[in-house]
Amino acid sequence: MTVSQVSFGSHEPVLDVKNLTVKYIGDTRSTTAVDRVSFSIGTGEVFGLAGESGCGKSTIANSIMRLLKDPAKIAAGSISFGGKDVLAMSPEELRRFRWQDVAMVFQSAMNSLNPVLTIGEQIVDIFTTHAGYSRKESLRRAGQLLELVRIDPARLKSYPHQLSGGMRQRAVIAMAVALKPSLLILDEPTTALDVVVQQEIMAQIKELQRELGFSVLFITHDMSLMVELSHRMAVMYGGRIVETAKAQDVYANPRHPYTQALMGAFPPLTGPRVPLTGLPDGVKFRNIPDLTEAAPGHFVAPFGADAEAAVLEGAAR
Amino acid sequence: MSHAVLSSQRPSADTEATALEVRGLGKSFAIGGLFSRESVRALHGVDLTIGRGEIVALVGESGSGKSTLARCVARLERPSSGEILLDGVDVLKRDRFQASRAFRSQLQMVFQDPFGSLNPAHRVEHFLRRSLVIHRKGGSSETETQQRLEELMTTVGLQADMLNSYPHELSGGQRQRVAIARALAVEPRVILADEPTSMLDVSVRIGVLNLMRKLRDEQGISMLYITHDLASARYLADRTAVMFAGELVEEGESLDLLASPAHPYTQLLVSAVPDPARAGSYDPVRRAELRQAVMASTSCAFDSDPNQACSAEEPVRHGVGDPENRHWVRCHLYRPQAGAGGHALATEPTDNKASA
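Going line by line, the protein sequences match chains G and A.
Under my numbering, think of the first position of the first sequence as 1, with each following residue one higher.
Under my numbering, think of the first position of the second sequence as 318, with each following residue one higher.
Just chain A, same shape as in the assembly:
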């Protein structure tokens, strides 16, 4: 049985064109009572670029800030600092107080839970028609709208007669396809997909990932794919960025990054993926070393980097391997600042400290 190897390069020629750029994004949440001055730093200084027609995966554990990043970019949350550039325009400056309709028609989100994101009281047609009407994408006549609705259903691999179904009549995978069709209805340039497959049955997950790839290939839509599943990031995304404690620690071409992870945190994640081929490879000693390296590294593996000197204060990015892979890693010496993430990792392994 022969298989075509999936292209690791996106098809479009304009590799340089940027669809979405995030610069120095930060987000703090106030905690405690009304007069409390404490806050949790969920995101800090995140720089991320997504090219036209490129799929970038953002991976990390729960609490690492990946969903906060998506919510900030989708303007569901107001970032504390930084810039969000869509096609080169800083949208935070352009529509200062809330996202404009124009912004929404450029960027759409697909959420984790297709059971919660579709109103159970409405038929599938309602969701799609609403998107078309609000963003005036339905054409000038009812016939055109109807045609567009059916087209959308076909695009996401659903039968046109399912337009009359209620969400409860659909399976999880079908619901997620409806959610994707709803996002597609406004003809966005960027789709943010926050764990779109984690609530689905295993056998239909691949189908949804394949659909996302198809949309990118056929319509050139850029995507930010947020997941905790490294294997699916490798399968779908051109590039993968790793987030830890609200900051990016490593980024690169997906195959290269997962084949040779350079940051101890990425190494930790990769080593923890269940894989029958290396069953029994779990080594508590090695694990403890990695944790130590993540939380308080005393040396950096890239201290001989001629381009960037190591620094414990600045989040220096060292290049890894062939520049072609655009693979960089944050200097190991730089320690995660107290933030939302990292607590579980810091306290999980042996819990020696008595704290009652």
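Just chain G, same shape as in the assembly:
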């Protein structure tokens, strides 16, 4: 069994990323932001990508949407969506692929709404441009869409500033699922929100996902949130995947020292207060090898018996 064959939903992968390598090419030096990353997402599966800022997780999302701009270059690898080669799509194909096949909710998505247009106008816009519905039909569907995320359809006439942050974020999520995409990419969808609102939005995404059956690529640095929502997850470090398995397995039994450090970075809400250490300053992993199967369906990059890793292992959790 290889990494890309393990999936939670159907065995037919919606998205298949193989050996993706993305480089940021500068005048004097270039940086490899994503290094030989492979994963696949099955139909109706929620796949999580965890890691800290700069680990390459957003670069992967942008690669899938073909949103990378210079100086970023996809140096190697392939991305296929439903059997089609995403990297070979023509501009016209891309136009259909984006939003209709794959939709994305960005980190501060609630600020991506146009402040001078009403929510209604912005949703109607999606239907008229991408689906070719009449204005009246679009408006009807826009109302239904807001109801789907439990916002009163009367809010179609509201401007973004008249809604709270949570409502705006839900409106954006509604817009993302407007054309019933088969894959939804969520890049830190709740980081700017309060915990109470965050929990409600996550519950809503879960509900929508169950109802509409789309697959999700969920990107966050919050391990607790990730484990709650995802079926399967991968942990990234320095552009490499260091561990991937079922989310519950990663939570119950994190094997890579970096995963353990990430898990240990969140103090628990129950039990005695024990000292945590997080990742000590200056600890770095270099030349991370390819994943090997440590347990059935649980893939870990070998980290060897070097002193750093040992220190981390003792410190985490």
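By construction, these hints were calculated from the structure, which means they are not laboratory data.
Note that the coordinates shown come from a computational prediction; the quantities given were computed from them, not determined experimentally.
Check before you lean on any hint, since a few could be wrong.
[Stated by the list, open to error] If you want the footprint, here are the derived chain A segments under chain G, 3+ residues with CB under 8 angstroms:
no.: 1; region: 517–529
no.: 2; region: 584–591
no.: 3; region: 596–610
Glycine residues also receive a C-beta, built at the ideal position from the N, C-alpha and C atoms.
With the hints as your guide, set chain A onto chain G.
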């Protein structure tokens, strides 16, 4: 693997001594045009005490007024009413118009954004040296100053040679350590830390919290730790106070407060913290009940309190559990007055009312 359990009691013996006391603090902001008489009440009647060498966490959602409280206490904002006592002296009376240098040397602030709080044009040494010079804490000779600079860097866990670095050469965690070193340079008694870790990478957050604990343990500095992260409040703070709509609703020893939250708002916050151990525990019905209880409770769970009768008008404080934990909760009957906070909470859940 065995771990020492972190002490929940602060080490210093003078538990009774108060470093900072806030009494009946209120703050209103005028809104609307020049001639408008409308105002938003951001803080109302806040009473909070921080003992010597004690870490108190102030938690609440955005807009609840926790940063306004910090800004008022740090005298970056002029409170509308109330008293701020530092070592028993009302600083609002002592230096009436603006904070004196003496006040600044007693109380320092660490801000949320270490990227914005350090001038990118200067080296690390500049920030620390400036604090030392202004507050005359650098000693009498250049050698002493240099020694003090290196000492500060070591205290916050940075290499002394980083004194020559520019902020952009440092990581977020390192920058926040510089900001803490800058606050330490004046040898303050109280540090107000406003979300000091929320902009940092997850793996270095714990390191900064541990540093704050170390400063308290070794130098006896009192801290007000402002955060929206209940888990980190529980990890770091001796006591936790919960703020809602500009008023405190519950306060107590951190472990006890988070184990048995008594106010519906605190219960709401605790239930919303993501925790894989209780995944799928989200219950919309229960959530709606809690919201209802927060906004318009018709009964109080402590109505049989023998010491304090319930009141819808007065913010009565009921004691919770063992008095040892200094855990109190505001009477559920008392409703939040129209203020800055609470709007999101009030309108968020189902949005039934048509308002266009």
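Quick rundown of the hints versus the structure:
1. 517–529: holds (count 8)
2. 584–591: holds (count 7)
3. 596–610: holds (count 5)
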